[in-house]
Amino acid sequence: MSVLVYTESEQNKFKKAAFEVASYAKAVADQLGTTVTAVTINADDTSELGNYGVDKVLKVSNSNLENFNAKGYAAVLKQAAEAENAQVVIIGSSADSKYLAPLLAVGLNAGYASNVVASPSSTSPFTVKRSAFTNKAFEIAEIKSEVKLVGVSNNSFGLVENTGSAAAEDFSPAIPELGVTVASVDKATDKVTIADAEIVVSAGRGLKGPENWGMVEELADVLGAATACSKPVSDLGWRPHGEHVGQTGKPVATNLYIAIGISGAIQHLAGISASKVKVVVNTDPEAPFFKAADYGVVGDAFEVVPQLIEKLKTFKAQQ
Amino acid sequence: MNILVCISHVPDTTSKINFTDGDSKFDTNGVQFVINPNDEFGLTRAMWFKEKQGANVTVVNVGGAETEPTLRKALAIGADAAIRVNTPATDGFSVAKQLAKVVEDGGYDLIIAGRESIDYNGGMVPGMLAGLIDANFVNNCIALEVDGTSATATREIDGGKETVATALPLVVGGQKGLVEESDLKIPNMRGIMMARKKPLNVVEPVGTDAGTNSVSFEKPAPKGAVKLVSPDNLDELVNLLHNEAKVI
Chain D
1 MSVLVYTESE
11 QNKFKKAAFE
21 VASYAKAVAD
31 QLGTTVTAVT
41 INADDTSELG
51 NYGVDKVLKV
61 SNSNLENFNA
71 KGYAAVLKQA
81 AEAENAQVVI
91 IGSSADSKYL
101 APLLAVGLNA
111 GYASNVVASP
121 SSTSPFTVKR
131 SAFTNKAFEI
141 AEIKSEVKLV
151 GVSNNSFGLV
161 ENTGSAAAED
171 FSPAIPELGV
181 TVASVDKATD
191 KVTIADAEIV
201 VSAGRGLKGP
211 ENWGMVEELA
221 DVLGAATACS
231 KPVSDLGWRP
241 HGEHVGQTGK
251 PVATNLYIAI
261 GISGAIQHLA
271 GISASKVKVV
281 VNTDPEAPFF
291 KAADYGVVGD
301 AFEVVPQLIE
311 KLKTFKAQQ
Chain P
1 MNILVCISHV
11 PDTTSKINFT
21 DGDSKFDTNG
31 VQFVINPNDE
41 FGLTRAMWFK
51 EKQGANVTVV
61 NVGGAETEPT
71 LRKALAIGAD
81 AAIRVNTPAT
91 DGFSVAKQLA
101 KVVEDGGYDL
111 IIAGRESIDY
121 NGGMVPGMLA
131 GLIDANFVNN
141 CIALEVDGTS
151 ATATREIDGG
161 KETVATALPL
171 VVGGQKGLVE
181 ESDLKIPNMR
191 GIMMARKKPL
201 NVVEPVGTDA
211 GTNSVSFEKP
221 APKGAVKLVS
231 PDNLDELVNL
241 LHNEAKVI
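Note that the protein sequences, when read in sequence, are chains D and P. No gaps in the numbering here: position 208 of the first sequence is 208 in my numbering, and each next residue is one more. No gaps in the numbering here: position 101 of the second sequence is 101 in my numbering, and each next residue is one more.
Warning: the hint list may mix true and false statements.
[Unchecked claim] Computed footprint of chain D on chain P, listed as stretches where at least three residues anywhere in the stretch have a Cβ under 8 Å from a Cβ of chain D:
no.	segment
1	11-21
2	99-113
3	191-200
4	233-245
[To be verified] Quick partial rundown of chain P residues pointing at chain D, CB under 7 Å, derived from the structure:
no.	residue
5	Leu132
6	Ile157
7	Gly159
8	Ala165
9	Leu168
10	Gly177
11	Glu181
12	Asp183
13	Lys185
14	Val206
15	Thr208
16	Gly211
17	Thr212
18	Asn213
19	Lys219
20	Ala221
Worth flagging that the hints you see were computed from the coordinates, not collected in a lab. Even glycine gets a Cβ: it sits at the ideal position worked out from N, Cα and C.
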């Protein structure tokens, strides 16, 4: 009957999002009067999960799952949910979790609500709030099936610390034929990704050319932030598609979003509107972004950004 | 190769989003509907397979008669035939079940859907379809090649990309990158004329249970006014972000 949660790890380290979904699962378990069981795949030390309300860990170690595989991971979670007789299964919003979730939903014949931004407003009927229309609205959705699958939006619930301890046991589910095999991975390991970032520094056509991105990257470095860009910038090939933020690109739900030289097209603003604090730097005080931002600087990015980098370096040095 | 492209009929990206009937229904008043952008990238890639590899391309939508102009547009872009499953698209799970029946009846070996629709953002139909028909599945697909029954696909991962080898039957959740924005086709007059003569078959739905149900909608709280900081006083910005917003 416990609430099952998939806590994602990478290279043996839990992602911050894993602690967030664990915190969320704990909140749901409290509502239902039950416990939290986490599933980990190829993570050695799972003790940290206890700090976020996990009571039990099913540890899966399998060399065939060294690379993420949606079908294989979904099969693991399905078997774990069945072993625990879980009625509610919680996952995150990483690219991988969103990839496996619909396969898991089919496996468990579970209704699936993605992009959920708050703990259930009711558990009977099971009702959650999720973002829809690319953050232009929220949908209140009821999950009607017996087993319920909830995908929690990054940075929407936050971390809630707990003083429990998680008892780990090995779990060895059957792995199906995977069907999809990884040939190569191209990933910058030294950079913060948009999905994991707490701060995103994003720039638009106001920067005039790809050669001017040095200061954007430097600002991101100072803040420990990920870099992103507007759609025109990715269409022009100044920056990779993976950095495109907005309705047809990536949604961003960070604590701080800094937009430099981005006017703020409706599709872009929708994509970033779930971010908590927004700062805009633009020469044009009429730019639509100023209506969506919390803090604004009307000024030339080429003057403002280098100064801001210096101020932040001084600030960081004092911390 | 027999390709099925799943087309969602969605409000244009510039639409103002409003609700009616006590905030329980999306207000379609004055809204322009389009092919879901993520699906359009897939449709355009399917056209490439048609031109270069002689693939047959069928488009499908689950929805009422009001979605037919969107299917006609897909035909005008170059699809050979269209299918409309005559039932409102409620939740993703029931849409996937309708599509599974279409795939079963039509014997498609490559199914391309958008990674998510830009209205409900469920992001579940392609994966559920793959699960239901037991096909291989690649989500967030940004490149796709097919050679015989083998396929190579690239998917966007957090912070990079990953190239995978797989085989047909295959479902992909496509997005920008599958083709470039500049490759998207605007239907020409000849395409529009030809589309009128192409088959658009209406099929009746199979009975399914929905997994979720939309209860109501809310709009985000209106935003307070922006606080402007002088470019000559950026210490103040740092101070506000630290002490007021508490984000640095």
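Hint-by-hint comparison with the structure:
no.: 1; hint: 11-21; verdict: holds (count 5)
no.: 2; hint: 99-113; verdict: violated (count 0)
no.: 3; hint: 191-200; verdict: violated (count 0)
no.: 4; hint: 233-245; verdict: holds (count 8)
no.: 5; hint: Leu132; verdict: holds (6 Å)
no.: 6; hint: Ile157; verdict: holds (5 Å)
no.: 7; hint: Gly159; verdict: holds (3 Å)
no.: 8; hint: Ala165; verdict: holds (5 Å)
no.: 9; hint: Leu168; verdict: violated (11 Å)
no.: 10; hint: Gly177; verdict: holds (5 Å)
no.: 11; hint: Glu181; verdict: holds (5 Å)
no.: 12; hint: Asp183; verdict: violated (11 Å)
no.: 13; hint: Lys185; verdict: violated (16 Å)
no.: 14; hint: Val206; verdict: violated (16 Å)
no.: 15; hint: Thr208; verdict: violated (11 Å)
no.: 16; hint: Gly211; verdict: holds (3 Å)
no.: 17; hint: Thr212; verdict: holds (4 Å)
no.: 18; hint: Asn213; verdict: holds (5 Å)
no.: 19; hint: Lys219; verdict: holds (5 Å)
no.: 20; hint: Ala221; verdict: violated (10 Å)
The structure does not agree with the numbered hints 2, 3, 9, 12, 13, 14, 15 and 20 stated previously, though it agrees with the rest.
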